[in-house]
Amino acid sequence: MFKKILIANRGEIACRIAHTCRRLGIAVAGVHSSADRDALHVDLIGESIEIGGATPAESYLRIDAVIDAARRTGSQAIHPGFGFLAENAVFARTVEAAGLVFIGPTPEVIERLGDKASAKREARAAGAAVLGGSELPSRDAAEVAATVRGLPLPVILKAAAGGGGKGMRVVQQLDGLMEAIEAAMREAKSSFGDAALIVEAFVERGRHIEVQIVGDGHGEVIHLFERECTLQRRHQKVIEEAPAVNLAPALREAMLGDAVRLGQRLRYRGVGTVEFIVQGDSHHFLEVNPRLQVEHPVTEEVTGIDIVEVMLRIAANEGLPLRQSEVQMRGHAIEARVCAEDAAQNFLPSTGELIAVRFPTSGVRVESGVRAGMVVTPYYDSMLAKLIVHAPTREAALDRLSGALGETQVHGVETNCAFLQRLLALPATRDASFHTRLIDEVLAEGGQGTGSAPLERLAAAAAWWLLDARRSSKPFGAWSALDVTGWQMHAGDDRLTPVPALLLRSGGTTHEARFGAVSPESEVTVQIGTERVRLALTASAGSDWRLRIGDCHEVLTIVRSDDAVFVQSGGTAHAIGVTSYLSQVATGRQASGQLRTPMMGMILKTHVEVGERVRAGDVVATMESMKMEMRINADHDGVVRSLSVQPGQMVERGLVVAVVESEGAAE
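Numbers 1 to 667, taken from UniProt numbering, label the letters of the sequence shown in order.
Don't read these hints as lab results, they were simulated from the structure.
There may be inaccurate statements among the hints.
Here are the computed lysine to aspartate or glutamate pairs in the DMTMM-like style, where the Cα-Cα straight-line distance is at most 25 Å [as the list claims (entries may be wrong)]:
#1 Lys3 <-> Glu309
#2 Lys605 <-> Asp637
#3 Lys189 <-> Glu179
#4 Lys605 <-> Glu58
#5 Lys189 <-> Glu135
#6 Lys4 <-> Glu47
#7 Lys4 <-> Asp43
#8 Lys605 <-> Glu629
#9 Lys3 <-> Glu96
#10 Lys4 <-> Asp216
#11 Lys605 <-> Asp175
#12 Lys3 <-> Glu50
#13 Lys4 <-> Asp68
Remember, it's a predicted structure, so these values are computed and weren't measured experimentally.
Model the full structure from these sequences, guided by the hints.
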């Protein structure tokens, strides 16, 4: 076995690999970018080399820097994790040429599987059915477009060199085809260092089933059964489970057999995942991921096998550590990916400082690469953590996972926790009648917006703000006395301020908040709009606060980040913007026509020029954040009076990109 290895990755997977290495007595070293100097994986691994700038191209995709880090740390082998260089045959070959061991398949096998077109040819030769589409990858946008036009729609564009939903676009119609191809190529280049695409027939309402295989590199290959990965958004998995349910035994055996035969044909070394799309009683090969998968923990939970340990032992020439007959499944496991994104805004990525982070500690396996105080940047994937549960039955596992999501607290950025809870509660999820388009259809039906926080939560946020203002204000300041709430006058029986003290923003709605005097028992009347709530808010442990309204008592977690108060209880979190009414009046309204960046990221392209007329919905600029592209659109007809950004520019959230003067004003 190795004495020391380098983990050439970041975040939760770097922490996960280090955990197994330490259990086996293997020393570890790591790498990090300039943006990850204070990352959790750097501290947990303990020894880490900074290999470049913030973007993947400047750091985690730099083969020379990774090899140099391995040499400097005295590592014998390199584990690539997933993403970045994990499926890069040039990297694997360079590792071996440097006298190091690549913990994964051979470079030759990665080449045969490393682009999806080649993988389809290998699968066909192994006897598996494949979907129609291009036979060769292409970096020529015109050539890709010609392939699309020669196939029945819909089709899907896929990055040939990687997976994880990056570099994918579904083409339903030919309008906008070149824009879709160019966007997919940019994502592919950013994520995997290769812009090549393939085109494939798109199955709209199928199931995504994958088989975990393990091979010794000499022709012996076994499977660790299958995983269900059907619940996806933007072609990225969000819920995964093992085993797949409502799957005909003959269909399961056919997929397991296809996967093993393909592995045997390749003389596969290490662990890999063979992916299939299922429709009815038929299945078609999709691709092979020649690496560790994000969702590998669900297989570990039902089989009791540490897949990272298996990878290490095979790479150390110990051979397969188990036989097929020894692989058994027990119970049911489900994993949820907690991501920094806003489901109510089409899963818009969210960046910022993590003010508070708390994961469940009982009955749940948590794999995370974040902690309070860290900054979620736009440079990498939006996943913050994985929650994995195991139970005797699928129903029990679903319930346990939903409860774990309710206990999870991540404040400072938007997360998809509430959306995941709603997804787990859907009838189609509960009875496993789902398909890969389910999330798209649910979003199309609406009802996924969080809306404004309930009255009691708004009142609690306002009361907390008042208490915080009193703690931090000077003696005899405007907020310090019990009967003064920022104003020197009261009116009405509850002695409420005659004009608002605060403006609360939640779910796109702004609420005015007024206060009454605070009683000696710490009770205060808060008026939100026209509704009044009499409450008492007292500090508990840490960020927890006890809220009493009448005879109802509950514990809330309340934290603050700049001008937002985060309130969570019972699994539901609300980010409530809070602004002093006086300061809002003083600064006035935002100038109309200003188009601002929705989050931190990089400007990829500007589509207009100053003086150009645009219509509502026209794309003014395209930006990238967390490896995802987003468009900044004009919200009304008008003339572009200013353009403040240029391609390649890093921008903060809220930066004015352009000013579009309305048609009436322009005339």
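Hints, one by one, checked against the model:
Between Lys3 and Glu309, the direct Cα distance comes to roughly 14 Å. Compliance with the 25 Å bound is thereby established for this hinted pair. For the suggested pair Lys605 and Asp637, the alpha carbons sit about 21 Å apart, so the restraint of at most 25 Å is met. The straight-line distance between the Cα atoms of Lys189 and Glu179 is roughly 15 Å, inside the 25 Å bound, and the hint therefore holds. A distance of roughly 20 Å separates the Cα atoms of Lys605 and Glu58; the hinted pair therefore holds under the 25 Å criterion.
In summary, the hint linking Lys189 to Glu135 is supported, as the alpha carbons are separated by about 20 Å, within the 25 Å threshold. For the proposed pair Lys4 and Glu47, the alpha carbon gap of about 11 Å is at most 25 Å, so the pair holds. The hinted pair formed by Lys4 and Asp43 meets the criterion: a straight-line CA distance of about 17 Å does not exceed 25 Å. Our distance criterion of 25 Å between C-alpha atoms is met by Lys605 and Glu629, whose separation comes to about 11 Å.
A C-alpha spacing of about 17 Å is found between Lys3 and Glu96, which places the hinted pair at or below 25 Å, so the restraint holds. Distance hint between Lys4 and Asp216 is fulfilled; the C-alpha atoms sit about 21 Å from each other, no more than 25 Å. For the proposed pair Lys605 and Asp175, the alpha carbon gap of about 20 Å is at most 25 Å, so the pair holds. Of the supplied pair hints, the one linking Lys3 and Glu50 holds, its CA atoms being roughly 22 Å apart against a limit of 25 Å.
Using a Cα cut-off of 25 Å, the hinted pair Lys4 and Asp68 holds, with the two alpha carbons roughly 15 Å apart.
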